[in-house]
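J.: What follows is the residue order along each chain.
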Amino acid sequence: MAAGRDERAAVRAAQRGSASGIEALFRLHWQRAHRAAYLVVHDAAAAEDIAQEAFLAAVRNLDRFDRRRPFGPWLHRIVVNRAVDWTRARQLRGEAELVDAEAPEQTAPLDESLFGALAALPPEHRAVIVLRHLLEYTPGEISELLGLPRGTVNSRLRRGLDSLKETV
Amino acid sequence: MKRDLERIEVPGEHEARARSWSVVLTAFAEREATPQRRSWKPAVAVALAAAAITGLLSPPGRAVLDGIREAVGVDKAQPALFSLPTSGRMLITSDAGAWIVDPDGSKRLLGDYREASWSPFANFVVATRRNELVALEPDGDVRWSLARPEVRFPRWGGTRADTRIVYRSRNELRVVAGDGKDDRRLARRASPVAAAWRPGPAHVLTYARKDGFVRVVDAERGTVLARNEARDVVRLDWVADRRLRVSTTAAALFDDSGQDVLRSDGRFSGAALSPRAQQLALVSTRGGTSIVELVSRTGTTRQLFSGRGRFEEPAWSPDGRWVAIGWPEADQLVFIRVAGRQQIRAISNVSSQFRSRSFPTISGWCCAP
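Note that the protein sequences, when read in sequence, are chains D and G.
If you're matching positions, the first sequence starts at 1 in the numbering used here and goes up one per residue.
If you're matching positions, the second sequence starts at 1 in the numbering used here and goes up one per residue.
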């Protein structure tokens, strides 16, 4: 509740032109937005671009933003949709461009196994797993956020978790 | 799970944060706050006073007022589709493919499709490629597809539990279940006009034939329930208990018994029934000027908007408060509020926003899931 009040106050301040308002929003949301993007795209540079673009969209639309609505879901929807779009586009590019790709980043063993298992999922499944288990939205909220039928969200969650369980 | 996801190291996170903050802060400093809207009251007061003095409220004067309204629509056009004026999601088709537009203005390209239409509750989209019918999730995921030659005019009808899709393949009218199964021919010699489902569980539809008749058929049994002569049909629609038939010479509304309950003669290029069939939006073009009119159930007609050039098919918002029309000559989408005080919102640069050389088409404006 207090976080919600802080967020509304930050949006109000940012709409008035206060840099401390946008800084508070950035502090509240950037890290989770960036992590969510990374877990969907599996590419650090792309995740940085996606989180940054989402914040720039927020800045551009600040004057039109309805203060009664929470800022987080609005930002997360942009992040996750762009992350899915980016991943799909990269898959379409095919293998030819991956020949000179850098070696995968080193991560801790646990991270690597979960991270690797996530990578094996389709991007749409990664997105709902991240929204449910990192950002802690309910399936109903995810359904609203992504504009998907509730049944689709539930089946993607179930199939995604089943695959993760098999791998991890 | 949350803890494990939070433990995954994101390479270069701190540097990325610093870089992003710098970019965001710069954008914030450079942004121009939206100027305060000027009050419309003094302007309207002056306009009304002038109208009263010069008798502009007489029929010829009305054309002048419409001209003013037309200019206002152009002048106040927003440079981009920042948001929809009310709830629901729009389906737009452009050269790039089919797009979904959310109420906050965010757009998603579903893929390279020529036509698209919502499922009855907007949970899915049916789209076409030249030789393929495709059912999609609203995020573009393909649920199933069906290869058929020259596929056009898909329309999805039924209930939440049981749906059917009607489409045209070459000259045939075909029906397939919502899960992509049981595809079959319903009729030969169908006109190149989208069929319309009667809302509800009955799987009844109306379609136009090349022999100059419009039929109402039970799509499950294939039986013909009604048959009327109607030449040059350009649009069919079915909302609640009203069936709309628009030809090049008239627009007519029929009730459940097939009785003609409203008829408006004229050369209409587009028409749409409001969500509860209480009103009909009609588009016509005369002498290079297009007009959008609103016709009530009792037949009262009110002119909503006019402009030079051609208007495309109108579309109603799901709450029945707004009508949207495409205006190719102006490269604008125009939203007209028809409930309460009339208001016009125009959006410019529509083609480029939907990556299109030709003007995009509004393929639906439907309910949120």
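Read the hints as simulated data drawn from the structure, not as lab findings.
Accuracy of the hints is not assured; some may be wrong.
Okay, derived cross-link-like pairs now, DMTMM-like style, lysine to aspartate or glutamate, Cα gap no bigger than 25 Å in a straight line [what the hints assert, rightly or not]:
#1 G:Lys-107 x D:Glu-53
#2 D:Lys-165 x G:Glu-9
#3 G:Lys-181 x D:Glu-166
#4 G:Lys-107 x D:Asp-6
#5 G:Lys-76 x D:Asp-63
#6 G:Lys-107 x D:Glu-144
#7 G:Lys-107 x G:Asp-255
#8 G:Lys-107 x D:Glu-141
#9 G:Lys-107 x D:Glu-166
#10 G:Lys-210 x D:Asp-85
#11 G:Lys-107 x D:Asp-162
#12 D:Lys-165 x G:Asp-141
#13 G:Lys-2 x D:Asp-63
#14 G:Lys-2 x D:Asp-66
#15 D:Lys-165 x G:Glu-6
#16 G:Lys-2 x D:Asp-162
#17 G:Lys-107 x D:Asp-66
#18 G:Lys-2 x D:Glu-144
#19 G:Lys-2 x D:Glu-136
#20 G:Lys-76 x D:Glu-7
J.: Which numbered hints are broken by the structure, listed smallest first?
T.: Violated: hints 3, 4, 7, 9, 10, 11, 13, 14, 20.
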